[in-house]
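J.: Protein chains in written order, with this note's numbering: chain A, 7 to 347; chain B, 7 to 347; chain C, 7 to 347; chain D, 7 to 347.
Since the hints were made in silico from the structure, they are not lab data.
Certain hints may be false.
[To be verified] Some chain D residues judged to face chain C by a derived CB distance under 10 Å, without partners named:
#	residue
1	I226
2	L256
3	T258
In this text, all values refer to a predicted model and were calculated from it rather than measured experimentally.
The beta-carbon is built from N, C-alpha and C at its ideal position, and this holds for glycine as well.
4 protein chains.
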Amino acid sequence: MTESKKLNVGLIGLGRLGRVYARDLATRIACTRLVAVGDVSQAAVDEVVRELDVPRGYTTSGEVIADRSVDAIVIVTPTATHAEVTKMAAAAGKPIFCEKPLSISLEQAVAMRKAVKDTGVFFQLGFMRRFDRGFAAAKKQLEAGAIGDAVVFKSSSRDPYPPTVEYADPRSSGGLIIDMGIHDIDLARWYMGEVASVQAIGGVLAYPELGSVGDIDNAIVSLVFQSGRLGVIDLTRNGIYGYDINTELLGTKGTLRIGYLRETPLFVMTKSGVTHDTVPFFMERFGDAYRAQLENFAQNVLRGQEPPITVEDGVQALRVAVAATRARETGQPVAVAEIGI
Amino acid sequence: MTESKKLNVGLIGLGRLGRVYARDLATRIACTRLVAVGDVSQAAVDEVVRELDVPRGYTTSGEVIADRSVDAIVIVTPTATHAEVTKMAAAAGKPIFCEKPLSISLEQAVAMRKAVKDTGVFFQLGFMRRFDRGFAAAKKQLEAGAIGDAVVFKSSSRDPYPPTVEYADPRSSGGLIIDMGIHDIDLARWYMGEVASVQAIGGVLAYPELGSVGDIDNAIVSLVFQSGRLGVIDLTRNGIYGYDINTELLGTKGTLRIGYLRETPLFVMTKSGVTHDTVPFFMERFGDAYRAQLENFAQNVLRGQEPPITVEDGVQALRVAVAATRARETGQPVAVAEIGI
Amino acid sequence: MTESKKLNVGLIGLGRLGRVYARDLATRIACTRLVAVGDVSQAAVDEVVRELDVPRGYTTSGEVIADRSVDAIVIVTPTATHAEVTKMAAAAGKPIFCEKPLSISLEQAVAMRKAVKDTGVFFQLGFMRRFDRGFAAAKKQLEAGAIGDAVVFKSSSRDPYPPTVEYADPRSSGGLIIDMGIHDIDLARWYMGEVASVQAIGGVLAYPELGSVGDIDNAIVSLVFQSGRLGVIDLTRNGIYGYDINTELLGTKGTLRIGYLRETPLFVMTKSGVTHDTVPFFMERFGDAYRAQLENFAQNVLRGQEPPITVEDGVQALRVAVAATRARETGQPVAVAEIGI
Amino acid sequence: MTESKKLNVGLIGLGRLGRVYARDLATRIACTRLVAVGDVSQAAVDEVVRELDVPRGYTTSGEVIADRSVDAIVIVTPTATHAEVTKMAAAAGKPIFCEKPLSISLEQAVAMRKAVKDTGVFFQLGFMRRFDRGFAAAKKQLEAGAIGDAVVFKSSSRDPYPPTVEYADPRSSGGLIIDMGIHDIDLARWYMGEVASVQAIGGVLAYPELGSVGDIDNAIVSLVFQSGRLGVIDLTRNGIYGYDINTELLGTKGTLRIGYLRETPLFVMTKSGVTHDTVPFFMERFGDAYRAQLENFAQNVLRGQEPPITVEDGVQALRVAVAATRARETGQPVAVAEIGI
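Looking at chain A on its own, in the form it has when it is part of the complex:
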C-alpha cells in the first residue's frame, strides 16, 4: 500500500472535540495533513498550532477556507454556525466534513442541502457510531442475513451527567431528543429505513434546573417505520452509572445486541460482590470511531468515492427528531411527513 497521497485539511472549530480531531488529523491518520486550523479564539489557535506544528492558524472560517493549501474542510464549530460555514466552503468548492447534527433548525438544514446540491461539493456528515466496530459489525451481520428481517429497533443513549443549563437550552441544543436522540435516529434509519411516524413521552425527572430553560432530562420515543416495523429509543441525562450506549436489532431469526459498559478489563471481587467499572463518557467510548470516521472522509475525498453519510441523512434524521420533539410536546403521534422540508 502506498500512502504517498495525503489530504491537506483545514479544521474549523477548536472546542473539545475539535482539538481531538486536530490531533487525529495531524498525527494519527496516515492519509491526512492538518495544514490549517481556525477558531474565534486566538489563544486556542495558537495553542493547537504550537502543539501540533500546524502550518497556519486563523481566527475566521473564511480564512481557513480561502487558504490555498487547504484541500478539504472539517467543520466542528458550534452547531448554529454549521450552515454558514458549510455554505462558504461549498461556494469555494472544497470537500466538507461536518460534525453532527447538521443543524437544529430544519430550515437551515434544508438550506445546507441546497448549497451542497447547487455546488455539487463533496459533503460528509459526522455520525461516528456508524464507524464504531460494534455498530459496523452489526450492519454487516444484518446484511448477511444473520437475524433474518430486523423487525424491531431498540436503542438507548445515556449520558453519565447532565450538561450545563446553558448547553441544554433548547434554543441552542434543540432539546434532549434532538441533542442526544439524533444518534439513535440516524442508526434507526441506517439499519431499518425511513420513519413514518413517532410518539414520544418525556419529563424533567432528575435535574429540575434543566426544566428551567424548557428542556427535559428523560424521554422515550416510539417509531413506526414506513415498512411497518417498530422502534423505540430511550434517552436519559441521568445515566449516573456510566456512559451507556446500546442498540438492539430484533429479527425474525435472531437478535443483534451492540454495546458494552466495562471500561477497564478488571473485576474486583470481594465479599461485597463482583464489580467492574464503566465507560466514563463519549471520548472513551467512541474515540476510535471518531478517528475512523475522519480517515474514511479523507479516503473518500482522495479516491473520489461517495460519502457514506450525506447531507440528506442529516436532513432526514433532524426531521424525525423534530417530529419526535413535537410529539413529546403535544402528547400526540406525529407523522414525519407532516414536518415540511
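Position chains B, C and D relative to chain A; hints supplied.
T.: Only chains B, C and D this time, still in chain A's reference frame:
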C-alpha cells in the same frame, strides 16, 4: 422450626402449568398437602391422582370446592373460567390463589373483585415474577435507596416461539399486550406506582398467521405514571434466540438491571467465537418463582397474613393492559382513567 | 411414563447434607420413598421423622440396613464410617449410594472395594458435580468433538470461608487436597482419563489456625495424565468473594469453560461501578445436582443399570489425591503408581 | 501542559512490531520524534522512511546509534542481537528502550546488565502488559489493599495459533516457557515479589511439528515465591478460540481478575445460542499498552525519571523462566537460586 401445620389444598385445572403446581403442592412445598384435584378431563385427573397419590379427584370445580377436606383453592383453569370458579370458591369462603391474568374482561375482573370484597375471602393473584430472586432483590434494593428515585421503568418480554393461532386469538387471549404484557405491567405498578396514560404501537411482523385472527406479534408500550415518571415495555413473539425476560429501573443515583439469558453454565469457545445457550422458556426461567409463590400463598393463609398481590392488583394491571391495547388499535394516547371499572 | 415403581430408601447420617438428602428422597424425587432414617442422635432422628413423615427412625446403621422395608441404602455418615457401613450394607446385599469421598484412607477404600466386589452389591459413589448441568453438558460437548482432543484440564475450587479447625484436621479430613481436591480429581479422571503423576505446592497463607492442626489453606496441583496430557488444579479456603467452582477443558479445536459465580440475576449499577452478588456456598451451587444424583441412583437400582460412578472411581480419585498430598509434603513429583492399592 | 520538549528517537529493527513502534513514535506519541530507523533490510528501511517521513534510515545499528540527531534508542531487533545492540548504545551513552525478552541467554542478559551498570545509561525493558489498563488498574487496587494480601498468583497466556517451526526452535526462541511465559513471570514478580522455586510440566499435545525442533506447545508452571505465596501459569500455543490473556490475584480479602476476550462489542443471538467474537492476537489486545509503554519511556528520559522496568527485571524474569524450563525438562523442582547469574 416446626412445620406441623399444613394447608390442605384443592387444585382446579390440570393443564401444563396446573400439573406443575400439583407436583409442587404435593411434593415440593413443605407446608401444603394436595388433597384434591379437579379438571374437566377425567383422564388428566386420574393420571395426576395416581402419580402424586392425591386422595381425591373430581371433574367439576364445584366438587373440589365443596370437598370438606379442602381448606384452600388454587385456580389454574383457563382464564375465561377464573371469574366463575372464583365466585364459587368465594361463596364457599375458601381462601383462593388464582393464576394470572385475573381475566381478559374488565367486566369479569370487576365482578371478581366484588365477589372477593363481598365475601371477605382471602384472595391472592399469581404474578410469579415478583417471587423471582432477581425481581425480588431489585425491589429490596429499590426500597433501600440503592438507585435513588426510580424515574424510568424499562421492561422486555420475549417468547422464543409463537403460540398457536387458537391460543393467540384475542377473544380468548386478550391479544399480545394483555397476554404477555400483563406481567410487565404488574412489575411497572409494583416498582413505580399507578399508570396515568399509555401509548402503544404494534404490528404483525414475523408470523402472518397471528394476524389472521386479529392479533399482533410485536408491540411497544410507553407509560406515563401518575407521578410523571416514564416507562416502556417491548413485547415480542419472535424472541427466536430464547426466552428473554428483563427489566431495568433507571434511577437518579443508579440503575438496577434484572434478568439473565444463559441456561447452562458452559461456554463453548472455538474459532467461531464464544457461545452460550439460552433459557428455553418460562418453566425453566420461573420454575422456582412459581413454587415460591405457592408457598407464599400457603403461608399467608396459614398465618392470617394479607396477600401480597390482590384482586385489585389484577383489576388495575388489566385496566392498563386494556388501555394499551386500545392505544395500539387507535394510534392515540389513552388515559387509564378513561377505562371505566 | 408410569412412575408406579419406587425405591424404598433407608438414609444413614442426618448431618447438614444428610437432611437435604432426606428431604430430596422424601419429597422431591418422584421415584423414591424415604422409609427409614438413622443417626447416632436420637433428636436428629426424631426431628426428621416428624418433619418428613418418615415411617421409621433408628440410632444405628445396622437397624436401618436390617429394616425389611428398606430396599437401598444412602450413606451420608462421617467419612471415617463409610467403610464400616458399606461393608454392613454390602453383606446385607442392599444397593448402596455412598457420599464422597469413599474414605480418606486408601486402605479402607480398598477394603470397601473388596466388599463391593465380593458381594456383587450395587454401589454408586457420590460426586455430584458430574450431575451439574454445566459439567454434564461439557462432557457431552467433549464427546461430540466440539473442542477436538482435550489436552489441558484446568480446575479451581474455592470455598468462601474456612472450615473449623476440628473439621480441617487432616486426621479426619485428609487435608485440603483430599478434602476439596477430590472433586476436581474426579472430574479430571472423568474428562481426561487416568493420572500418571502429580506435583503440588501449598501453604498456610490466609488462616494460620489451620496450620496449627497440620493443614494448609491453599494448594496448586499439577497433573500429567497417562496419555501425556496436562492438568492443573488450584484449591483455596479463602475464596472470600464467593463459592467459586470452575473447570476448563482446553482442546485442539476449542475450549469448554464451566461454571458461574452470579447467584441473583441482578446488576446494581451506580457511580461505584456495576456489581453482582456471588454464589454463597455449595448447597446453592449444587442443590440441583445433589438431587439429580440421588434420582439417578434410584433409577439405576430400579432399572438394573450400572452405576456411573463406581467404587473404583472412588479408589482411584483418592489415590491421586493421596499422591498429590505426598507431593505437596515432599516437594517432589509423585508417580501415582507409587501409591500402592 | 506544554509539550514543546520532544525526544528524538532512533529505532532499530523494522519487523512487524518494529513497524508498529515506528508509527507510534512518529505519529501517535506527542513527546517523541522518530529521527532515524535502522534495519538490515534496505527495503524495509526505505519503506518506513518514506511512509513516515523519517529523516534518516540506516542498515546497521551502529549508524543509528552514532547519528547525532538521535537522543535515545529503541531496540526491537531479534532477541539474539539485543545484547550487542544494547552494549553499543550503552557505550554511546544513549538512553535505551529494549523490547522483551532481554535475551534468551542468561549469560548475555548478565552481560547486558553489566554494560548498563558500568555505563550508568538509562535502560528500560519492554513488558507491555504492565501498561495495559487492566493490569495497571489491578496493581493500583492491590496496593490500595482492595484484596488484602495477594496469596495466589494465577496467570494464563494462550496464543491463537502456533508460531512457525523456525520461530519456535528453542535455540532462538528459548522454548515455550521463555518465549510466552516471560510475560506472566514478569507479572508474577511485579505483583508478588521474587520467586524462590518452580515446578513445571509440559508436552507436545497439539502441534507435533513443534516437537521436531525440541519445543513443546503446552506447559504448566507452579511457583513458590520467597514469601511462601503460590503461583501458577499455564501456557498454550493452541488457544484456538482467540488470544486469551488473563491473570488473577487471589487475596485474603478478595480477588482481582484481569483480562477480556470479546473483541467486538456485539452479541449475535440466534437459535444456536448467544455468540461473541474473540481477540485475534496481541496487537489488538495490547496495541494501546505498547504505545503507552513507549510514551512512558520517552517521558522518563525527558524528565530524568527512573525506568519502571529495569535490566534487573529482565535478568530475574529470565532466570525464573530458565529455572522453569529446566524444571520442565527434568521433571524436578528447581530452586531459582540454583540458576547462577
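J.: With reference to the structure, classify each hint as holding or not holding.
T.: Okay, the hints, checked on the actual structure:
| no. | hint | verdict |
| --- | --- | --- |
| 1 | I226 | holds (5 Å) |
| 2 | L256 | holds (6 Å) |
| 3 | T258 | holds (5 Å) |
Going down the numbered hints, you'll see the structure goes against none, and every one checks out.
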